[in-house]
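**Student:** Just so you know, the protein sequences line up as chains R and P, in that order.
Mapping of the first sequence onto this note's numbering: residues 1 to 222, in sequence order.
Mapping of the second sequence onto this note's numbering: residues 1 to 460, in sequence order.
If you're looking for bench data, these hints aren't it; they were derived computationally from the structure.
The beta-carbon is built from N, C-alpha and C at its ideal position, and this holds for glycine as well.
Please note that a few of the clues may not be correct.
[Said to hold, decoys possible] Below, in silico cross-link-like pairs of lysine-lysine (PhoX-like), each with a Cα-Cα straight-line distance of 20 Å or less: (1) R:K137 - R:K94; (2) R:K137 - R:K164; (3) P:K209 - R:K9; (4) R:K129 - R:K65; (5) R:K9 - P:K233; (6) P:K69 - P:K21.
[Stated by the list, open to error] If the Cβ cut is set under 8 Å, some of the chain R residues that face chain P in the computed set are: (7) V6; (8) H14; (9) M60; (10) V219.
[As the list claims (entries may be wrong)] Chain P is nowhere near these chain R residues, computed Cβ spacing over 12 Å in every case: (11) Q105; (12) E112; (13) Q115; (14) Y141; (15) D182; (16) A183; (17) A191.
So the chains spell out like this:
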Amino acid sequence: MHMFSVEKKFYGGHGIVGAQVPLGTGLAFATKYRGDSSVTLAYLGDGAANQGQVFESFNMAELWKLPVIYVIENNEYAMGTSVARSSAVTDFSKRGASFGIPGAQVDGMDVEAVQKAGQEAMTYTRGGKGPFILEMKTYRYRGHSMSDPAKYRSREEVSGVRDKRDPIEQFGKKLIERGVADADTLKQLDAEIKAIVVAAAEFATQSPEPDVSELYTDVYSS
Amino acid sequence: MSTEIRMPALSPTMEEGKLSKWLVKEGDVVKSGDILAEIETDKATMEFEAVDEGRIGQILVPAGTDGVKVNSPIATLLSEGEAPGDASIHQPSEADPAAPGVAAENRQSAAGQEPPATGAEGVADPEFPDGTEFVQQTVRDALRDAMAEEMRRDELVFLMGEEVAQYQGAYKVSQGLLEEFGERRVIDTPITEHGFAGLGIGAAFGGLKPIVEFMTWNFAMQAMDQIINSAAKTRYMSGGQMSCPIVFRGPNGAAARVAAQHSQDYSAWYAAVPGVKVIAPYFAADAKGLLKAAIRDPNPVIFLENEIVYGRSFPVPKLDDFVLPIGKARVVKPGNDVTLVSYSIAVGLCLEAAERLTEEGLSAEVIDLRTLRPLDLATVLDSVKKTNRVVTVEQAWPVCSIGSEVCAQVALQAFDWLDAPPTKVSGKDVPMPYAANLERLALPTVEDIIAAVKAVTYKD
Chain R
1 MHMFSVEKKF
11 YGGHGIVGAQ
21 VPLGTGLAFA
31 TKYRGDSSVT
41 LAYLGDGAAN
51 QGQVFESFNM
61 AELWKLPVIY
71 VIENNEYAMG
81 TSVARSSAVT
91 DFSKRGASFG
101 IPGAQVDGMD
111 VEAVQKAGQE
121 AMTYTRGGKG
131 PFILEMKTYR
141 YRGHSMSDPA
151 KYRSREEVSG
161 VRDKRDPIEQ
171 FGKKLIERGV
181 ADADTLKQLD
191 AEIKAIVVAA
201 AEFATQSPEP
211 DVSELYTDVY
221 SS
Chain P
1 MSTEIRMPAL
11 SPTMEEGKLS
21 KWLVKEGDVV
31 KSGDILAEIE
41 TDKATMEFEA
51 VDEGRIGQIL
61 VPAGTDGVKV
71 NSPIATLLSE
81 GEAPGDASIH
91 QPSEADPAAP
101 GVAAENRQSA
111 AGQEPPATGA
121 EGVADPEFPD
131 GTEFVQQTVR
141 DALRDAMAEE
151 MRRDELVFLM
161 GEEVAQYQGA
171 YKVSQGLLEE
181 FGERRVIDTP
191 ITEHGFAGLG
201 IGAAFGGLKP
211 IVEFMTWNFA
221 MQAMDQIINS
231 AAKTRYMSGG
241 QMSCPIVFRG
251 PNGAAARVAA
261 QHSQDYSAWY
271 AAVPGVKVIA
281 PYFAADAKGL
291 LKAAIRDPNP
301 VIFLENEIVY
311 GRSFPVPKLD
321 DFVLPIGKAR
331 VVKPGNDVTL
341 VSYSIAVGLC
351 LEAAERLTEE
361 GLSAEVIDLR
371 TLRPLDLATV
381 LDSVKKTNRV
391 VTVEQAWPVC
401 SIGSEVCAQV
411 ALQAFDWLDA
421 PPTKVSGKDV
431 PMPYAANLER
441 LALPTVEDII
451 AAVKAVTYKD
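My request is simple: use the sequences and hints to build the entire structure.
**Tutor:** Below you can see the structure in the form of structure tokens.
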């Protein structure tokens, strides 16, 4: 959760659900203020979408035509609470309606659909028209956190999504069907990616804890 | 029977104003809602409407008169058929259509403190070069100048908040800034503290240097999560990658007769949080020099002003670029018998108390903390080691207050020098009452300070 890389223009990584939305809106404000052409992507989940500060941000973003795309990843559960039990309107692409922000509902498990929708949103926002909302309909296979056994849904539900909608599996099938890649190539690609992930995990677990002298480092900038 | 039309209070803190223009003349018939006059306060020019109908009898205060006290008669209103100059019994009309129920006597008693003399005290500062000239300036104007100077100096600095642009600031602190810097850099926000505080922090992450004005700090509780969790902690959590050079500013503490939800001192709340700096000045020079420093500081700074103090005038050094160091207290008045440690509006109370104590042969040293985080304990401890007694004075609640912290640190670090227990004078442990008499009771007074000093010097 708490990852940052300013070098890669990834600004976190914020631990409070919904708080990243005004922050992302502020990053968009900064780019517009400076007159550069960047677009900010602010990601939030279906749970965060119910936070008041999200709507406060929508209002200001549209009012000031800020170059920001709000990507609502709707994976159907906010920790253990399903969308149906937490949201009066479950179509999150309409959450900007009262501010005049357009939105689109996208199959977030379909790589090509995501790419196409992303590009359309980008064109809209780059054109100076202000914010855009993308609702990505997706799913989460595991628990919300390490300590979440995810008992609030059935095993069948999870395995059903894995079997029928898994984005990597489905995209792989399409690539084979279209003759872009064969099964062996994909298998090899899979192994390469797995190695990268394993190496990253290894790096994380093997890295030493910070020196005790670091306790007060970076509380303040001097 | 004629009634008096009285000088209205156009805000809870207004004491006097300028009667800039009459829009009626003697003999005019007026009805309720007609504009009678234009009244200029230090915050704004307001139109003053008739409450009752009748005919203007006598204009008692001519147009262009400065310093007309609130509630003093400015004209007479004759009822139907009454002759001008009729000297029948005067009865006050409803004094104040703009702020009903707010009367001058209430304001004064509630505020409880008159501005101390603006003589040499509050001027001498080790940071001023020899031969520095001073100009008399209100705290309000000093704050405005600080922002204007920093905005001229650095294109990345901008101001946002409710009513900061077109309205010129709810308390007129941003007067003239829209005109000079335009709407790109002076931005009116919707009433959305949580949202615009977060947006400002995001803009700071993106390299800008926002000044975010809260109309009062009471409303910043809506934004508390963003201030604490996003502004104060992100540098630490990102391993130093992300900085948040932002200033949150606005009036803090009790105004007068605005009740519990609008009268609260948040000093101790923010001063408890690592990752922010907290400044609470009293004098205009400190307001200016420290606000400029806050805007340049690469960290989030909480800048606590005071509504009652906005209109007070003090000497401000005439220097091209006057910046004070954050984190330094100042001995405002030297003394030998007791150390009074204070900040913000309570510094004024301390100076008044110190003056009265002199008449009783007691010499108080007054320290203005100016910055509450980091706290300049060295200055406090040096003083206590000389006077052997400390009384902290603040308008805030007593529990876990700045005074509590100062007393604790003095007890821990200067125990052997103490001749009396560290003592606190503070606001009372109640939500601010609306009733004027109870509000008066809830706020610390000069008498409270004198009593505390007598207690620690064993003169009571």
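**Student:** So, for every hint listed, does it hold in this structure?
**Tutor:** Now the hints, each set against the structure:
no.: 1; hint: R:K137 - R:K94; verdict: 13 Å, holds
no.: 2; hint: R:K137 - R:K164; verdict: 14 Å, holds
no.: 3; hint: P:K209 - R:K9; verdict: 18 Å, holds
no.: 4; hint: R:K129 - R:K65; verdict: 6 Å, holds
no.: 5; hint: R:K9 - P:K233; verdict: 19 Å, holds
no.: 6; hint: P:K69 - P:K21; verdict: 16 Å, holds
no.: 7; hint: V6; verdict: 5 Å, holds
no.: 8; hint: H14; verdict: 7 Å, holds
no.: 9; hint: M60; verdict: 6 Å, holds
no.: 10; hint: V219; verdict: 5 Å, holds
no.: 11; hint: Q105; verdict: 25 Å, holds
no.: 12; hint: E112; verdict: 31 Å, holds
no.: 13; hint: Q115; verdict: 26 Å, holds
no.: 14; hint: Y141; verdict: 28 Å, holds
no.: 15; hint: D182; verdict: 42 Å, holds
no.: 16; hint: A183; verdict: 42 Å, holds
no.: 17; hint: A191; verdict: 32 Å, holds
Checked against the numbered hints above, the structure violates none of them.
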